[in-house]
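Engineer: Each chain, written out:
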Amino acid sequence: MKVWIGLTAMLLLAILIAACAGHVWASPAGLLRAIAGDHALRSRLLFEWRLPRVVAAAFVGALLGLGGTIYQGVFRNPLAEPYLLGSAGGAALGATVALLVPLALPQSWLLPLLAFAGAWGATVLVIGISRVAGAVDAAGLLLAGVAVAAILGALRSFLMLALSDETVSLQVVLSWVLGGIQTPSWAGTGWLVLITLGCLALSLTLARRLDVLGLGEAMALAFGLDVRRFIMLAVLAGSVIVAAAVAFGGLVAFVGLASPHVARWLVGPLHRPLLPASALVGAIVVVLADAVARAALPPAEIPLGLVTAVAGGPFFILLLAQRLRS
Amino acid sequence: MSVLAADNLQVARGKSTLLWPMSLNFDATESVAIIGPNGAGKSTLLKALAGTMAPTVGQVRLGRRNLAELPTAERAQSIGFLPQHFEPHWDLSVAELLEIGAGRVKSLAADALEKTMAAFELGGLERRRWSTLSGGERARVLLAMVLVVDPPVLLADEPVASLDIRHRLDVVRALADRGRKWLSVVVVHDLDLAFSFFDRIVLLAKGELIADQLAARLVDDPRLDDAFGVRFERLRTGEGWHLRACR
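As you go down the protein sequences, you meet chains A and B in turn. Each number in the numbering used here corresponds to the 1-based position in the first sequence with 1 added. Each number in the numbering used here corresponds to the 1-based position in the second sequence with 1 added.
Okay, chain A solo, but in the shape it has when bound (with noise of 0.2 Å):
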């Protein structure tokens, strides 16, 4: 119980003081005069710019914590994250051809969109690919995903180079792909919401069987698991929740990789405590990551996932030492 309010605490405190940082940074009671519904443009700026990507920016992480445990818990690796298989290769070239082939649709719809596709797209390309060669095992799938990565990679820098002119500068790409919230609408922030919800749900379902793959195959088909079915089911369903949180927040590194074992150190390894606390802990991560990445060189931004790998790796190097060492 302890545990589940020291998180909650810090995740207000973190989403406290990121809607504080900024290029101007605001006081708390700036922030009580925005949301109280204040028309001065400070406070317009705040409630319709800062706070929904603050917000965003939450339940990004929380969706990246629950794709990071998921998938650690089917390849029962902990070395496994979220983009593992081919879904981050998938979403930028989605995002590429999004943002430099020009087509009817808005940016705003189009990018978040095949973002999504590519993601799960390339996800279900790699099951679809370790079942026609007969390896549907976790292996089979891990080097269906390295193979897949590697194609999609080959073909976004080949439409990188042959796209971009002077009018789509690839800087834009670039900066996509390193990471970033999008800032979204009130409304899309529910979306968000909605689907992380429903996200936080459906892991749930995953979980006892997740601990029952965790004792390893033999055992698992002993304790009555159908476990290459169960494989790909939750692949699948981790597929999803990254693909989601990538149309929402571009390519985050590190944070699915880092939470659930955070989350382990502080809840134990069975996946009922376990997802929500990843999906808390991945939260708060991304709404300080995001704080810095907005606030730290004014006015320039820096990209979301830069800040993550450069400030989450040494954390987390230094917590695994530490933990090693006891």
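In short, the hints are calculated from the structure, not lab data. Every value quoted in this text rests on a predicted model; they were computed, and no experiment measured them. It cannot be assumed that every hint is accurate.
Unchecked claim - Just some of the chain A residues that point at chain B, by a computed CB distance under 8 Å:
no., residue
1, Arg-77
2, Asp-212
3, Gly-215
4, Leu-222
5, Phe-224
Said to hold, decoys possible - Covered by chain A, per the in silico footprint, the following chain B stretches (three or more residues, Cβ under 8 Å):
no., region
6, 78-86
7, 99-109
Note that beta-carbon positions come from the ideal geometry of N, C-alpha and C, so glycine has one too.
Fit chain B to the supplied structure of chain A, relying on the hints for placement.
Structural biologist: Then chain B, alone, in the frame of chain A:
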């Protein structure tokens, strides 16, 4: 009536036949040891009986029903299976492992967990993590998590690795003792233990069923020597048998 039966069971993988057709019947209460030299197909037979390896020909019946057509949850509830090697991927605590084991059934008697903990002398170990347990403790935890739902059938591959002689004796004895109340089928690697503690012996060699007899009867059978490719000197001891192999 037999609670578990193999009808004309055959298992092949690719071009190699792991088990040649054999039929076996097991009663609701007996202890059976499966013995045989390396590569005899002991583990394959056990997996086929447990329903985790599909037979190529024939079927395994649980009661009157074909095991392959049984819902997996029901199978997991009725058959407890102990693999030879067990290493959880996450460093779970003893309580968590038992909880996962108990999750095989929808509802469990309120005191089942406590009773199991007591039966396997696991009191005080609830919060200990798997990585900190000794070999003997691990074997007891594994037995506890498989038996917490009290399955009428227990199929076990004797854990030979990482157990010292006393713990090995304890484990094999516990497995055999279960045969007084339920069915217990165990792959036993130590012939002395097999002949000393089990009612009935199934002898395999090269994937074929060589003999299926009461232990007291089979111990003098020359087929035993042939199957293992040695000559046994059989010594009657206070507790059972000692088989010394000579060339």
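Engineer: So which hints don't hold here, by number, going up?
Structural biologist: none
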